[in-house]
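Taken in order, these protein sequences are the chains called A and B. Reminder that position 149 of the first sequence reads as 149 in our numbering, one-by-one numbering, no gaps. Add 1000 to the 1-based position in the second sequence for our numbering, that's all there is to it.
Everything labelled a hint here was simulated from the structure, so no lab data went into it. Any given hint might turn out to be false.
[Unchecked claim] For the chain B half of the interface with chain A, some residues (derived, Cβ under 7 Å), not all of them:
{"#": "1", "residue": "Leu1059"}
{"#": "2", "residue": "Val1065"}
{"#": "3", "residue": "Val1136"}
{"#": "4", "residue": "Gly1140"}
{"#": "5", "residue": "Ala1144"}
{"#": "6", "residue": "Ala1149"}
{"#": "7", "residue": "Pro1151"}
{"#": "8", "residue": "Leu1164"}
{"#": "9", "residue": "Thr1169"}
{"#": "10", "residue": "Leu1171"}
{"#": "11", "residue": "Ile1172"}
{"#": "12", "residue": "Gln1173"}
{"#": "13", "residue": "Glu1175"}
{"#": "14", "residue": "Met1176"}
Ideal Cβ placement from N, Cα and C applies to all residues, glycine included.
So the chains spell out like this:
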Amino acid sequence: MSGLAATVSPVKRELRLLVQNLTGNDLAKVGAFLRIGRERLQCDWHVVFDGEFHVLMRGTEAPGTTDSPLATLCVADAGTGRHDAVEPLSRPLQYEALIEALSALEDRFAGMSAAHAVPGGLPPDARFRLRRWPPAELLQGNRERQRLASFLLTRLVGLDELARLSNVGKLQCEELLAVLTTTGILDVTTAAAAVPVASAASTALAQPATRSSPRAVHSHPDTGLFDTIRRGLGLTWQR
Amino acid sequence: MATMTQHKIVFTGPPGAGKTTAIAMLSDIPPALTDVRNTDASLGKEHTTVGLDFGQVDLGNGQCVRLFGTPGQLRFDFMWRIVATDALGLVILIDNTRPDPLDDFSTYLDAYMDLLPTINCAVGVGRTGECPLPTVDQFGGLLAARGLAFPVLPVDVRRREDVLMLVDTVLIQAEMRT
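Could you put together the complete structure from these sequences and hints?
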């Protein structure tokens, strides 16, 4: 039996679809189409109105909305044109268009998962570190992803710690880590192994977090200082 | 008298990369500029910095962040490292419309070579809209080839949030090393 077959689960993967600024008619249709299209979809889609999500589905009348780092479906009145960086759906919402869009996203997520360097997903005790700055295509100009990548550059960090330090949802952290494992630039180290299990090459940058870093020689400010500086600058990411 | 705790963030990069503008975006005092009328036609701008640009962000409780901008021209390179010594972070700004932005970048990597392994650093590539090449990935690749890993972001230094993002990535690195 192949390693890949061993990781296949009979349970459908759950994906969360965050809806924002949709009309009542849109929402009713999305709910109905998901019920009808359940058999055609590989994943179990759940509509949510807040919290963590995989895909954002929003109306075009949502100024200031932060699009999903992974995928955004934008619902627009027919003829209002395409919007950059999002996948458009026209009103009135059509069953085929929605199911095809979701299927395409499922394929994208499946591609990410299949390419995981660690079979079966990310080990619970895994810690991660980037060996280089990721390609722009993966970061998609998304501020959350850029911040997460910055946290991953300096030392090994676990999923929980990454989410806590960055104040970014665990789900988003996990998705980015999953994507990064496909690139070959992410070292993955488990506590048990204490050696990189997904590293193409060891580099001087890849040192265990427990080892004191020579990069700390210039400044040893306490962590509260950084929140103070962020407040002083008006950065809104502070914890 | 209470002593003020100072933290230093340095903006460096070639002439025209936007160091003065970036500091002006963040400083809560009018930045002290040392711009003079430019006599070097190759720089393509009316004024250029010949000393240090300086701005400051007051954090309260006797703390502040001092923002320094180095003069871009190569003849001032003796100042670059002096200014960056003991800095909390270094931001390298690149102007992608210059003739050879990757060569500019290499010049600054060489200049800071001995500091880079130990300093918190971010790279901002400007005017990528006008000149998409080289890509930010190429700048990241150049860093990787030297065994370095820093954030490389496309920026418009006239947008405060872009400059803040660069500084934030520097702070993140500093935070992760504590």
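Do the hints match the structure? See the list:
1. Leu1059: 4 Å, holds
2. Val1065: 6 Å, holds
3. Val1136: 5 Å, holds
4. Gly1140: 4 Å, holds
5. Ala1144: 4 Å, holds
6. Ala1149: Given a least distance of 5 Å, the restraint on Ala1149/B holds.
7. Pro1151: 5 Å, holds
8. Leu1164: 6 Å, holds
9. Thr1169: Constraint on Thr1169/B satisfied, holds at 4 Å.
10. Leu1171: 5 Å, holds
11. Ile1172: Holds: closest Cβ of chain A sits about 4 Å from Ile1172/B, inside 7 Å.
12. Gln1173: 5 Å, holds
13. Glu1175: Result: holds, 5 Å to nearest chain A Cβ.
14. Met1176: 4 Å, holds
In this structure, every one of the numbered hints holds.
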